[in-house]
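2 protein chains.
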Amino acid sequence: MADCARKGRTRDSMDKSITLPPDEIFRNLENAKRFAIDIGGSLTKLAYYSTVQHKVAKVRSFDHTAKETEGDPLYEISVQEEITARLHFIKFENTYIETCLDFIKDHLVNTETKVIKATGGGAYKFKELIEKKLRLKVDKEDEMTCLIKGCNFVLRNIPHEAFVYAKHADSEFRFQNTHPDIFPYLLINIGSGVSIVKVESEDKFERIGGSSIGGGTFWGLGALLTKTKRFDELLQLASRGQHSSVDMLVKDIYGGAYSSLGLTGDLIASSFGKSATTDKEFSKEDMAKSLLHMISNDIGQLACLYARLHNLSRVYFGGFFIRGHPVTMHTITYSINFFTKGEVQALFLRHEGYLGAIGAFLKGAEEDNPNQYSWGENYAGSSGLMSVSPDLNPMQRARSGTFDMLEMDRLERQLVNLPLLQDPSSYVPDTVDLTEDALAREYWLSCFEDALDGVVKRAVASQPDLPQAAERAEKFRQKYLHKLQTLRHQPL
Amino acid sequence: MADCARKGRTRDSMDKSITLPPDEIFRNLENAKRFAIDIGGSLTKLAYYSTVQHKVAKVRSFDHTAKETEGDPLYEISVQEEITARLHFIKFENTYIETCLDFIKDHLVNTETKVIKATGGGAYKFKELIEKKLRLKVDKEDEMTCLIKGCNFVLRNIPHEAFVYAKHADSEFRFQNTHPDIFPYLLINIGSGVSIVKVESEDKFERIGGSSIGGGTFWGLGALLTKTKRFDELLQLASRGQHSSVDMLVKDIYGGAYSSLGLTGDLIASSFGKSATTDKEFSKEDMAKSLLHMISNDIGQLACLYARLHNLSRVYFGGFFIRGHPVTMHTITYSINFFTKGEVQALFLRHEGYLGAIGAFLKGAEEDNPNQYSWGENYAGSSGLMSVSPDLNPMQRARSGTFDMLEMDRLERQLVNLPLLQDPSSYVPDTVDLTEDALAREYWLSCFEDALDGVVKRAVASQPDLPQAAERAEKFRQKYLHKLQTLRHQPL
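Here the protein sequences come in this chain order: B and P. In this text, residue positions in the first sequence follow the UniProt record's numbering: the first is 1, and each later residue adds one. In this text, residue positions in the second sequence follow the UniProt record's numbering: the first is 1, and each later residue adds one.
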C-alpha cells in the first residue's frame, strides 16, 4: 500500500529558510524537460530529463616507432562538444517541497514543458501547490503501475541494483549481477501496509496479496507502546532491545526445544506472549524489538507462501519500512531464510525509494522511448547507498539524508549481450567485485594512489604552454586522492 | 502452539472452598478406570472411562388384531440391567485443580488404575501435585499427537461436531454432517501462538506451518495497550470497539476504493496505521477491536495460503483463542471468506477444548480398542455449546463456565453406512435439522407439548398396580416440559 508516513511531517510548517546549493542538487535544470513527481508520506521524489553539454577530450597517440624527434608532441588532444541525455532524480523531505518548487521555477529556462506527471498518495494533497508554483498541469498516474515500471527499469538498467543483505558476513551487501531476463518476480512493497505484486512482463502485473500488518503497524503500535512518535527512533530502540523478554519462546513453554515438531527452543512461540500475564514493566527497547520481529517474520512468511504458490524464486522487498535500514533488512532476511529453508533469497534494491518517480517519469516520456536505450548510473552525481541508513552514521544522515540523488546517463548505444556468447544467461564474467573483495580493493586503491604522482607529472608535462597547468594538476591530485579515501571507507 | 493462558490464573491461590456436587460432575467415579488429564494455561480437562449400570425397560406390544379382550395388557414391559461403557470429560479452571483431585481421590473406588496419562503445557507443572494426590504415576504424552487423535475421534464419532459460524444468518451455527471420510484436513490451533497441522490419516500428521501472532499476542499486546489483564474482558472490549478509528483504511489513503487493484475503501490498509501520526488518545475498545481484526485476518490469510498450497478444503479452527467466542469466530470466518473468495469455509468444533484430553485418554486406552466402537454423545450429561461463550450470557458463564462436561456412550455395535447405498459419501438423508429450521423446530416442540398429556395418561394407565404411578407421571411431565422449554430457548 502507499507510503503511510503521509501525515508524519507535514504538520510542521514548511521550511523555507534553507538555501539550496545550485551546483549540487537540481543540476542541469536549465535544460530540464519532462518532469515527474512522486509524493509519499514523508518524502518527495522529483525526476526530470535534461541534456548535458560537455567537453570530451579525445586523445590520439602518435606512432613514435618510426622516427622520434625531440620536442614533437607525444599525442594530440582534440576537444569536442558532446550532448548527453541525463535523467536526474532528487529525493527530499516533504517539508522542503515549497522551497524546492520555488527553486525549480527560478532556475527553469526551458518553457516547453506543460505537464508534470505525479504519483504517490501525496500527489492529490500537493496538486494545487505544484500547479501554482510551477505553472504546470499535474497529471496523476496510478501508483502501482509507476512502482512496477520503475522497478523494471532499475532492474534492467542499473548494474548491481539488487542485493542480498547478510549482517554477519564479511561484506554486508552481496550485489547481484543483472540478469538479461528479469521476469517473473515478486515485489513485496512494505509501506503502511503490504502489497504483494507478481510481475510477469513489462506491462503485466497483478497484486496477488497483501497484509494490513506493515510499516504503519510498526510505527502505530510502536508509538502507542513506547510513546515514541518518530519512525527512525523506533528502529533505533529496536536495534538495542531483547525480544525474548517480551516474547514467549518455545523453551518458555516446553523447557527446551519441541524436537518432534522441529521447533527449536529459541523460536518465538507467541509474540508479546509474556506480557499477557506478567505484571512487570517492559522496556521500550524490548517492546520495539519484539514488534519488529513480529512484523518482519509475518511479512517474510507471507512472501514465502506467495512465492511458493506462484512458483517464483526472485523476491524483491521495497517500501518505506525497508529503505536501507539494516535492522529491518536483517530481520526480513532471517525470516525468509527460516521459512524457505534457504530456497528463496530476500533481495533488496539500492534505489527502491525512486521506483515510483522513475515509473511516473517513464509514463510521461514514452515518446522519447527511454526503454530503447541503455542507461548507466552516473556515480559522480548519485548519493551512495548508505546515506539513507540512520543506524550506521546518524550524524551523516542528518546532513546528507536531506537530499539524496540519482543520475543516469543515456549510453550512446543500447547494451546487448555479446552475440558470440553461446548462453548469455549462464555467462559469468571473470571480474572482481571490489565492494566484496576487501583484499583486492585495498590492493587496487593502493595502486591508484601510488600511480597518482606519475599521472600528475604527465598531466603537467602534456600542457607545457599553460601557466596554470601545475596548479590545475595539484587540484586534480587533491580531488582524486579524496575520492580514493572515500572509497576506502565507504566502498559502496 | 500450546495453550498460553498458562500463567494466567495460577498466581491466584487455589480455591479449595468450593463444594462439588457429586451427582452432577465427576459422575460414575466409583467405577472409573483409565484417567487422562490435559492441563492448559487456564483450564484443566480430565477424562475417564467408566461403566454405567442402568435399567433398560424393554417394551413388547401384543398383537391385538386377532382377538381383543378388555383388561388384557396392551404391552409387556421387561426390565433388564445393562452395562454401558461411558467416557466422561470434565473441564474446569486450573484454580480448582486441587479441590478436584481431592474429590476424585475420595470418590474413587476402583484401585486397579496405576497410571494417569497427561498432556498440555501444565502437565509438567502439576505433575507432583497429581502424583501426590491421586497416587497415580503421571505418564506424559506428546501434546500435538493427543490433539490430533482427539480431533479425529470427535470428527468421526460426534454428529454435528463441526459447524460454520455465520453471524448475520438466521441461525448463527450451521452444523456439518459427519463425513464417512474425514481426511485430509487442516487444523489451525490457535493457542498462544498458531500451529498449522496437516492431517492425512489416523497416524499421519505434519505441522506444516505456524505463526507467533496468536492468542498470546492478542492477550499480551491487548494488556499493554488497555491495561486489561483478563482475556475475556479484552474480547468484550473488542466487541464494543470501532477498528476504523485506529486502523488506516484504503479510503483514508485514496479517498475511496483503489478499484484498479480491487481494493474496497473499507479494507484495512494498515492495522494501527492511524496511531502512527495522530496525537489523540484511542479508546480501549477501539484498540482491542483493531488488534482482534489484525490477528484474525492474519491467521485467516495464513490458513488460506496453507490450504491452497496443500490442496485442502476442510479447515478446522481450535485453541483457546477460539473456544466458542462469537466475536473471534466471526472475524476468522470473515477473513477466510475474504481471502478464499468463499472457496474455503472456516469450520469450528463444538468440543475443541477437549481434543487434547480425549487424545491422551485414547493413547492410554488403546488396549480397549475405543476406535473400533461407535460412540454417541450423551446429551443429558453434556453441557451445551453456548455455556462456554462469555458474550451471550455472562451471568450464565459465571456459573456454568466453571465446570463443563461431555459424556459419550459406547454404542452396542459400530455404526456403518447402510451397505445398500451405492455411494455413501453422496447420500443425503431426508431429515430436518431442528437447530437450523426454526419453523420446523417450533412445530415439533408444540407437537411434543400437545402430546404430553396423552403420554402421561398412558403412563399412568400402564401401571395400574403402582400407587405412586400418578405422582411419578406428574414428575415426568414437569421434567419433560422443562426440557422442551429449554430446547425452545437454546436449540443448540
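Because the hints were derived from the structure by calculation, they are not lab data. A hint or two may mislead.
Any copy will do: because identical chains look the same in the list, a pair fits if it lies in one copy or spans two.
BS3-like cross-link-like pairs, simulated, lysine-lysine; straight-line CA separation at most 27 Å [as the list claims (entries may be wrong)]:
(1) 229 with 483
(2) 204 with 55
(3) 363 with 140
(4) 457 with 341
(5) 251 with 363
(6) 204 with 105
(7) 251 with 127
Going down the list of hints, with the structure as the test:
When the C-alpha separation of residue 229 and residue 483 is checked against a cutoff of 27 Å, the pair qualifies neither within a copy, at 38 Å, nor between copies, at 59 Å. Taking the closest pair of Cα atoms, residue 204 and residue 55 never come within 27 Å of each other, the shortest separation being 42 Å inside a single copy and 75 Å across copies. Taking the closest pair of Cα atoms, residue 363 and residue 140 come within 27 Å of each other only inside a single copy of the chain (10 Å); across copies the shortest separation is 66 Å, beyond that limit. Proximity of residue 457 to residue 341 under the C-alpha cut-off of 27 Å is found in neither arrangement, the shortest distances being 57 Å within a copy and 74 Å between copies.
In the homo-oligomer, the alpha carbons of residue 251 and residue 363 lie at most 27 Å apart only across protomers (25 Å), although the nearest pairing inside one protomer, at 54 Å, exceeds that limit. When the C-alpha separation of residue 204 and residue 105 is checked against a cutoff of 27 Å, the pair qualifies neither within a copy, at 37 Å, nor between copies, at 71 Å. Only between protomers do residue 251 and residue 127 lie at most 27 Å apart by alpha-carbon distance; the minimum there is 18 Å, versus 55 Å within a single protomer.
The structure shown violates the earlier hints numbered 1, 2, 4 and 6.
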